[in-house]
Amino acid sequence: MEKNAQKDIKKTKNSLKRFLKELPTEELLSLYSDFILQEKLLKELSRAEMEIERVLGKFWSDSVVENVEVYNLGGMCYKEKVPAVRMGREELAERKTLFYAEPFPENLSNEKKATVKEIVFRLIEVNNAELEVFEKLKPKSPLEDVIFKLIRESLLQHSRLLKELLTLL
Amino acid sequence: MGKVYNFQIPYYELVIPMVEPLVKKAAETEDKAAKSYTEGLAKIRGQGLKYTDTEAVVTRIAVDTIIHKHLMKAILEAQKELEKVRKGYEHVKEPMEIEPTKEQALLVKRFAEMHLDIERDMVETYKKMAEKMTHPLFKGLAEALVKNEEEHHRLLKKLIEKYEEM
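Heads up: the sequence lines are chains A and B, in that order.
Heads up: the first sequence is residues 0 to 168, going by numbering that gives the first Met the number 0.
Heads up: the second sequence is residues 0 to 165, going by numbering that gives the first Met the number 0.
So that you can see chain A by itself, here it is in the shape it has in the complex:
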């Protein structure tokens, strides 16, 4: 699906470039800049998918997570085939019996508890640094504006999730 869009963008971009040489108008320049961003976004989305597959493939091989939202990459991404993840899902039931753990055992030693807490604190710091940068970003186009808003929203949600996690620990 995204391949078709990429083809269309390339075609339009090329003819726009020719027209811009003839007549550099505001409208054509604006259109051209949007197509440049669309082209880069589609390219990066495929790369994001590949990276997610690679990173999660590594962790999911022995994951204890049975969170559909996180686990179901096939549904999260627009790509139809995600073999590594499909395999992981099929094996989930079996793996669960092998790796199942309580959400957070009460009898856990203080030392281990502190280790996990320390890691979560560090991640909260990372999240704060992200939020700080995104607060300052100013969009140069309506499309950039939407993307910045989406990321900011997502970062705020991460902040809430990490703080909730901390209360569990």
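There's no promise every hint is true.
[As the list claims (entries may be wrong)] DSS-like, lysine-lysine: derived pairs with alpha carbons at most 30 Å apart:
hint, chain 1, residue 1, chain 2, residue 2
1, B, K79, B, K138
2, A, K148, B, K127
3, A, K137, B, K34
4, B, K156, B, K131
5, B, K146, B, K161
6, B, K34, A, K112
7, A, K6, B, K42
8, B, K42, A, K137
9, B, K34, B, K23
10, A, K42, B, K161
To be clear, the hints were calculated from the coordinates, so they are not data collected in a lab.
With chain A's structure known, arrange chain B on it following the hints.
Then chain B, alone, in the frame of chain A:
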């Protein structure tokens, strides 16, 4: 008129370097953050600890951050390319000052007509992507692309009307 990119940036600002330093910083921050989250997960595992809540949260954030990183990379790369493109148009101080010849007006009109169909296809493609995607970031982006294409469609129609009169 006298504005480029619909509303955000006045045309005179086009002479200012396009790549926004903060965008570069944000892209770098997301790159580091993505590494921190996956490393965080690895560290927890390294302690021999496997806890559902911790893994669910950190994994989810790691996935989102990888998407943030690539979105910012796309914006950064687009700004870099646009900066190069603009260098060729420095001589154009105010685009509305240009009075196109009849031939040029006809060219633009023909271009707009030719691309109306392509734009329609793109709207459909992005709509399908938006329907199919369930991850909030991917879905939100696909929806934004639908709106962006609809805006282009309107713009092309306006161009046709404008240059038809000439």
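Taking the hints in turn, this is what the structure says about them:
no.: 1; hint: B:K79 to B:K138; verdict: holds (26 Å)
no.: 2; hint: A:K148 to B:K127; verdict: holds (22 Å)
no.: 3; hint: A:K137 to B:K34; verdict: holds (25 Å)
no.: 4; hint: B:K156 to B:K131; verdict: holds (29 Å)
no.: 5; hint: B:K146 to B:K161; verdict: holds (22 Å)
no.: 6; hint: B:K34 to A:K112; verdict: holds (23 Å)
no.: 7; hint: A:K6 to B:K42; verdict: violated (42 Å)
no.: 8; hint: B:K42 to A:K137; verdict: violated (35 Å)
no.: 9; hint: B:K34 to B:K23; verdict: holds (17 Å)
no.: 10; hint: A:K42 to B:K161; verdict: violated (34 Å)
Hint violations for this structure: numbers 7, 8 and 10, all remaining hints satisfied.
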